[in-house]
Every structure is written in structure tokens, then in C-alpha cells.
Amino acid sequence: MKHSIAIEVNGEAWALDVEPGEVLLDVLREKVGVKSPKIGCETGDCGACTVLYDGVSIRSCLVLGVEADGHEITTLEGLSHDGLSTLQQVMVEMSSFQCGFCAPGIVVAAHELLQQRPDPTREEVQEAIAGNLCRCTGYDPIVDAVLEAARIGPGDASQGKGP
Amino acid sequence: MTQTYVGRADEANAMGTLAVVGKGTPRIDGLDKLTGAAQYVDDMDFGAALLHAAVVESPHGYARILSIDTSKAEAVPGVVKVVTGKDFPYTFGMYMKDRYIFAQDVVRFAGEQVAAVVARDARIAKRAAALVEVEYEALPPLLDPVEALGDGAPLIHPDLGGYEHVPWFFPKENTNIAHWRKTRRGDMEAGWAAADVILEDTYTVPRYAHCAIEPHVVVAKLDQARRLTLWTASQSPYTQRDVFAQALAPLGLSHQDIRVVTPYVGGGFGGKAGVSMEIIGAALATAVPGRPVKVRWTREQEFYNTYQRQGVVARIKLGARKDGTITAIEHEMLWDAGAYVEYGANVVNAAGLSATGPYRIPNIHIDSLCIYTNLPPGGPYRGFGYSEFHFGLESHITRMAEAVGMDPVEFRKKNAIAEGDTLAYGEPMNPSGLQEAIDRTAAAIDWGVEEVSDDPNVAIGKSLCLFWKAPAMPPNASSAAFLKFNEDGSLNITVSGMELGQGYLTVMAQVASEILAVPPSKIRVETPDTDRNPYEWQTVASHVTWSCGNAVAAAALEAREKIYKVVHDARGYEEGSLYLEDQKVKCDTDPDFQMPLADFVVAGIQMPDGTFRGGPIVASGKFMPEFTSALSDPETSQGGHPNVHYTVGATGAIVEVDRETGKMRVRKAALAADVGKALNPTLIEGQITGGLLQGLATVLYEDMRFDENGVLLNPTFTDYKIPTSKDVPDEIIPIIIETPQPDGPFGARGVGEHTMIAAAPVIADAVADAVGVRLKAMPITAERVALALLGGGQEAS
Amino acid sequence: MTIASDFDYRRPATLEEAVALLAGCDRPLLLAGGTDVIPWLRNGLASPGMVVDIKAVPGLDRIEWRDGAVHIGSLVTFSDLIASEEVAATIPVLAEASHTVASVGVRNRATLVGNLCSAVPSCDAGPALLVLDAAVEVVGPDGQRGIPITEWFRGVRRTSLGPGEIVTGIAIPDPGRHGACYVKLSRYRGEDLAQVGVAVLVRPGGESRVAFGAVAPVPFRAPAIEEYLAGRALDDDTRAGLAPLVDAAISPIDDMRASKEYRYHMSRVMLLRGLAAAAARLEGGGPPYGEQVI
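Chains as they are written, first to last, in our numbering: chain A, 270 to 432; chain B, -1 to 795; chain C, 4 to 297.
Keep in mind the hints are simulated off the structure, nothing from the lab.
Sample of chain A residues lacking proximity to chain B, with all beta carbon distances greater than 12 Å (derived): (1) 277; (2) 282; (3) 283; (4) 423.
Residues from chain C that face chain A, not an exhaustive set, calculated with beta carbons under 10 Å: (5) 6; (6) 11; (7) 12; (8) 34; (9) 36; (10) 38; (11) 42; (12) 45; (13) 106; (14) 108; (15) 110.
Just so you know, even glycine gets a beta-carbon here, dropped at the ideal spot from N, CA and C.
With these hints in hand, go ahead and build the complete structure from the sequences.
Right under this line is the structure:
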């Protein structure tokens, strides 16, 4: 039986019909057409599906679409709405990612960290992205970029808003 | 054979004034990947007609299929088609045709596909697949390669003798030995006789999973005109097309009917090389003509029904003189190659040619046996046999050093292979900076200085191991590139190498940029499409920087020639006096002359009379080594030239071991690799950091467990642990060595796989150094270290 | 992501509505954070007729002091516990245990109560709440009741929660001045399920509370060990005397995560290190809460 849900995705309102058994990750990818949250494991272990849910990072593969009724979701696409954030800009310049499949989830998680702790330690950065698996980079180049973005600070980036 | 670039790039290389090559140019795909613009196969939209497939799999490791009843599944509303092996009785395979699209009368591993349901949506497909009823007669599975060699062991492939295969494979009919690579050199009796110390032991390495974060996925469509297009997450679009053409030839399809498109790929590590699950998509497309059908693997299927890194039981016997000179090596590797070895047999082959390791050894006896077992198909995994055999080999080298009373680093330096030394198959070793790699790695970890922890529970060990690897390729593996300019002076390069994350697109842009004086930001390198991009064998073997780099360089040089010719034709300057700088053509003999490329690379150059010269500048390049041959004496491997060159290096570490818990912590790791020429040092450091962590994971905590039926018990990240950001070594020191590869672009050779190869023996040696426990089987987990210490330093078997 | 089964979904606005829904449905499944429920739906471990989402029920997301106890609502997540000043000030071992669960993105949804209700033998909430003498507050068709945590776990994935009942929260009596430690054995530093879990709480006057997880079908307190430790200094004799008591108290199994032998060994090691850390913390020293001792 289909349920009508109203969700906001990256600032845009969507009215959708979903079956209870459809998870939010699939709703975002198939019905809203937002592709940056990825399907990596479907059990919440890899973090590739991470999005912000009312501003808090969650695994969208572990949420049913029907639960999301009335909630706001932000994905990587939403973070670069007004141009690249400092974090994204630094990650481009430092070539932090390789295959890029984990990048959307990690950028969302790192973004949340920098909002909460603008001056994190290395360990705090590692902890913030510890639920995002990356098989390519060995993580150090990503952590280095987050620390560099923190050092530069929000609003000092050559373009864009926020950390 | 030397690759030289006539003109500025060559001189610049020699003078060290390259503009772009050698710099840490930011990745040209960075913006795509940081904004969500990067598209992977599962992100592509195929419209309302897209069908979804779910696969029915064998629960048994070895069984006869007695019957399959698909009627209940077919009756589910929304199901379009159900297929079984009877619909596709065709074999296929890369190096040997021993595989089936769907199991025929026998299933040979738990998880093997037996049938598939195609439906309007994925949930219906999954529900219907559960309704397919298969009756099996379970047989006792062979899960151990040693057992599979025994007399009376059932033949997993009774028709082995009739399988088509490449001429350099040697299957043994009426056995489970799919291939036996023998390398023999020198006089073993004399070698043992010359030795003062002989040491023999056996090392065991289990299977491993690639765990790329992007699962395998294929969308396939046979359109109404019988054109088959596949969108795959693949390292090998052209090789895939070749295998699809081979497998589907009975349906009247050949290469021109098949198109493979691969966008960005979310990690490969060898697991997305060749063809594994994609054959299912290709076959299903032919069953539902006119409709695209998607097959996307779950994470569980990623674990048990894609290639796995093969297990190996390796017996090593080494002889050395009192002064540390190695006199002889006997290395027997029994490979657990799985149910189908069409690709994995080449892993066995590669190991069989190089299992001396990077050492100068005159008397060599290597046996590398590819043995069928009732486990998932073994195949290519970063290191391609070398990651597998270095564990035993390097552990054994260290123990040999100790047996002759020599420092393990000194022992390695004494025996390290050098340029011109004879390789196991009789050809000379290429230029390499192995001594420099050893020295700089040893210095980075303060080799020789013992460290003591403040914590009484903790012991500190140090280790240093060597690695080497050559690409394992057919002798005619080749690369090609097309290049064209655009009206704004930018250019497009089309190649069929894959951007797996290693930075391939960026490096190709840098090569072209250096020769054509166009910045990388104005160069687009396009992902593969077998209709539009020219040939690349596969993106494997750490070879595309070298091979495709050469092809791109050739294309850029051709473009440059054409540019000079047009300017000559239009303005009269001697071609030899022209050069490119800053996106313009300039002239040595007329400093005032400069013509922006953008002005003419499409439009041509206008003459005073109003006519034009030139037109679109388009170019192509190709590279294929013409000195390699896979043909050699089957009994000795002498007489051929199977490998193009080796990349060498060293890995060292300082490791803390908690004596009570067994937990290990890598405080510092150093890794030196001789890359010939670091085209992009930042990307190479990325390979060092990433590869080292992947290698450490295989030895420290990745642990595949099968039950007695051959069923994989831990096909999830919950119980097959791959590293998180909290598991990185405290410090990694990357060391880039540059001893030029004469036939490489700007002197470069590959390094993508090498960075993980020595990680496992580095841990084994460090643990032995720290707490005196020598573990000869992987993984070396905290539990095994702790229990060995409790057991008085010995391991219970 | 394919959840193959079909089910109804309801989101009641009050506790009464929730209880009524449970009573009226033959295969209901309660949903809070979903980090266990969604995987069960996907792998078929659960095929409910109706999923009842209690996240709209008001009042269940609070952490508050009341009547000499910390009350934690059933919608409180592990992230809430880690961020809570109340918890940090009065029962920091609960934040320490919370920090070992999964990762940030999962902790932002996963609830303490959900962890208790899933009741896997390795649940991290179990040992910590056992040494905190917690009580589980439940509402059902027959009204409210409190279940001591020692009576909560019945077996692997089985609890004392009756049909039609909903956990509304956990009550933890103020332990006063104390030192505590939760030690978790994982296969590496990344997220993992516990292969052994040991929680220890010591109070002035020599009282010790010890609980184990992942070494029996249920998490449990170890009264024989607690009696032995009462009033004893943690010297070499005591350490030697503890080993056989640990062996007698636990019944670990061999599985793919760890062997029985290693679990026996590590239970002893972790108890000793946990006791040392807890004793030091009682005196205001020791490793900061959150720093693992193995």
C-alpha cells in the first residue's frame, strides 16, 4: 500500500508515493533522481549512503522512505549549491579522493564535523569518518584535507560558503 | 628500445625542467567526484523500460543439479522471464574456456548462479527468485588444494583435457591441475651442495576479497536491431567485449555487434577485470530483446560470487653460503584456484615465473600449480600472485638471514637483483634502484636501532622486506589513443584505460600536456566506449601508465608534427625551428612569431589569398611491446620473454605488539618504490598510502571463513573487516625512487599494485622481531599472536 | 535495496495509540532508530505484518534527572548519550560504552533501548547497564511495569518484553561517587561487534560490580567475582585468584569472530585492566572515559 510523503531534498520540496518497504536511499536515487548517495552494502556498514537528515548524518540505507515524511535531507549536491565549500575546494586541490565512490558520504560526514567542531584534532576527524569505508586512499589524504579546510576556516575559501 | 621525444620535452626531462610531468597536478576528475557529477553505472537512468534481475544461486559447494522448476517464479505478476543454464549452454573464459554463464548439470561452488529472474522491479525479482525450486544431489566438496591433488579426488572438471586455452598454459588431463607452470634454471644439486645452510618450510595464505566500495553492476540491452550494448563497472571494456563475443557467438553476435561503455568505476583492485557477473547481464539481455536489464550485485554477492584472491600453500627451500650468498631456491606453490580458473590460472602462471623474488639466484626450481577446488573462482587481485607469494618468500629470506647469522637487511642487499642479472626465465633484469630503495627504507625506520616501549606490556619490532612485480600480460597487450583539438585550443583524448581511482586520466593529460604545451585543465580524457575510444587491453597489471602513456605520447607527438606542418605550409617556417609553449606555436629563428593553437587547430590557417591550410588537428597513437613472447619450454620456462619489466621496492615498519592481547599497532611504515619517473608524485603517494593499508589489512584482520560445505560464512563488512580511518599506521613515509625505464613515457613504469605486496611479510617479521613468534600462516591476527605467546611461542596447528 | 516483503507502516502519535496498534496486529514490529530493524527486513529475519514507528510519540527522547535516577527515554540515541552533560557528569561509563557502538552515522539513529531490545549477546548496552543497576520501563495492555536489567535478557535475541508491550525508557539510580570502565574486544580499531565485553564499576567501601557480554547467550552480572573482590586490594594475589573465577563465570563459544580460548584469555585480561582503570577513575585519575584500555 503506497504512502504519500512530503520531504525536502537539498532545499526543494518533493511529494512522493512510496511503498513501506522502499528505503530512503532508493527513494532519493530513483524517485528524486539524486545520485550522489551510493549503494555500497545496504547494511549501514560502508557509509556510502550517508546524507544529512535534519542536519544530522545518517545512513540512508537504514531509513524507510515513509519514515522521512516531513524531514529535510541534504546530500553532496546540496552542499555545493552556491559553489564549492572550502572543504570541497581543498579536496579537489589536494587530490584527496581516488575512485570517488566514498566521497559523497565522507564529505557529508566531514561537513557535519566541521560544523560542530571548527578546529578538530586528527583523531576527531578520523572518528568522524570512521563509518565511511574507503578502499583506495588509505584515508590520510582525506584527513589532511579536512584539517586543511579547518585551518583555512569558513568564508576564507576562494569561492563558496561554509566549511 | 628507448622512447625519446624529439624536441623540448626530452631536453626538459634531461634538464629537470618539465612543466607538468613530475608535478603533483590536481586530479582532472576531482571536480566531478567532489560535486556529485561523477557518474557510475548504477547512477545512469534507463527509463521506465528498465528491467531488474535476481539470481538463483547454489547453496552447495559441489552438487549435481537434478531438476529446476521455474513455474512458480514465472507466475509472479511483473516477472518477464526466467532463465536457466539450459538457455545458455556456452562456455567462455579469458585464458581458458572453462566457465559457464549459468551452471549446467553441476554446480562447482556455493553461490554459483543456476537461474535468473528478470522482472519489472527489483523487489519482484527477488521475491520470484526465491520461488525457483532447484533439486540438488549434494556431493562432498573439495575445499583444499592439497586434497584436490590426492589420488581418488573427484575431478571437478572431467573435461579439462578438451578445454581451449592459450598455448602457454599446461593443464593435466584427468587431474584437478588446470595449469602447471614449471621454471627450471641451473643445477639444483650443485646449488644445494654449495650451500652451508639449507632451510625449508611451508607457508599458508588464504583467500581474500577485493571489497571495492562500488559493487559490480551491469546494464545490458539487445536492441531491436540486435545491437548489444553493455554499461559495466569494469577495468576492461575491450576485453569484456571480446569475452562477450566469444560467449555469445552461438547467438550470432560478434565484436561489431557489441558495445561496452564504462563510466567512472568505484574501485577495481583486479576484481572488476575480465568478466565475472557481467556475463549474466549480457545473456539476460538476449532473453528480453528491446529492454535494458540491470544486474546489480549485493555486497554479499560481491564477496562470494566475484573473483577472489586465490589461496596458496607454498613450500620454500632455500640454500645459502656462510657469507650470505643464496645458492639455490626451490619454491612449490599449490594454488587454491577455485571452481573456474579462466583468469586465475594466469595468476598462477605469473607467480611461477617470478617466485624467486627480487634476488639473484643461479639455481632455480619453481612449480606453480593451478588446482581446482569447490570454492569461488580465483582471479586477479592487486599483486596478481606476487602479494600471495611474497608472504612466504620474504618471511623465509629473513629466517635464512638469521640462520646464517646475518642482518636481514644486509642479507637482502647482498642478494638483491640488479640490472643485467639473469631472471628466472633467462632474460636480463631491467634498470632498477633496488639498493637505493633498501637503503632509504632502512634509514626511514632507523634500522639497526632497537626500540623499547615505556609500557611493560608492549614489545617493539622492526622489519624490512622487498617486493617486485612485472605486469602479467599476453605478449601482444596493447594500448591506443585518439586525440583531437577543439576550437578553444582545448583537447580531447579518448582512450580505453579505466580511471579506477589511480589517477590514470590525470596522468594521460599530463603526458599530452607536456608535449603539446596545453595545460591539463584544458585537456579532457574521456572514459571508455568501445565504439568511439580505441583499444586498450585492460586496466590491470600496473601497466597503463607505461603502455597507454606511450600511446598518448605517440598521439601527442603526431599532433605536434601536424601542427608544425600546417604552420610550415601556411607561413613557411622550417618545422625544425618551431616549438610549442604556452598554448602557442613559436619559432627559434623568429622570436616575434607566435600563433595561438586555438586560432587554427580546427579552423585552419588563412592565407593572403583567402584560402586555408590545415583543418582539424586529429592524431592517434598506439603502443604494443614487440619483444615479449609467452612461448617457452614447457618444462623449464626458458626461451621466452614473458615479462616486459619489473618494478622493485622495499617496505619497512616499526610495529608495537601487546604481549597480553596480541594486538599490533604500526607506528611507522616506510615504502620505497622505483617508479622510473614519477609522472605525478601526489598520485604515487596515494598508491603508497592506499596500497600499504590494503596490504596490512590482509595480514592483520581480513579473514575469510568457509564452512564444510564451501559456503562463505562472512560475506559482509560486519565480519570481513576492511580498514577504517582509525586503522591507519601512525606515520607513513613514502619514498619515490627514479631509475628511468628506457621504454617508458618520460622514463615511467607502473606501481599501482606493488605498494601492497610486501605488507604481509613485514608484519610477520616485525612480530617475530618483537616477541619471538614466527607465524607462517595468514592472517596474523591479535588472537593468533596472543595464543601463540600463551603457547610458549609456538602455534598449535 | 530490496526489502522483498510487504508490510503496513503506521506512525502513532501517542503511546496509547501505539499500544492499541500492537494489540490489534498479529505480526507487529516496533521501529525506532531502525539500524537493526532495516537489516532484518532486508535479510528476512523479520517479516512483520505491520511496522509501528514510535518516533512521533512525544516525551520519549529525553535524558533527565528524576527521583534520584537518570531517566533515558526509548528514543534517545547513542549520539545523544555521548553529547549529554547529564550522562558525562553522573554515569560516564554509559557514554564510554556508547562510543564503542558502530560509527557516528549509525549512532545518530541507533537507540540505547533498541540495542537492549535486539538483545544480541554482544550488545554493548548490556554490560554497562548491568553494572549501573538499571531498570527497563515498559508500557503495555496491562499498564506500566519496571523490569530490573538483571531480568531483562532471556536468551539470544530474547527479552522479557511481553506481547504488545513497548519500552518507554531506562531508569538508572544515581551510583554516587564511583569509577567505572567498559572494555570491548574488537578485531581492530574500526567499528566491530564485541567479541568480549566487560563492564566494571567500583564504589568507595570496596563494592565492585562486574558484568560480561558476548561470552554467554546473554549479558550477565558475575556475583561470585563481585563477592571475591569485595574489600580486596587489586594485588597480584587477587589477580591470580580472579582467573579461575572468570573461567567459571563465562561460557564463550568458538565462532568466526574469535575462538573460545582467546575469549577466555581476554576476559581475564580485560577484567584486570578494567578494574585497574575503574579504581584509578574512582580516585579521579586513570585514563579519561572513552580511552580504550586494550
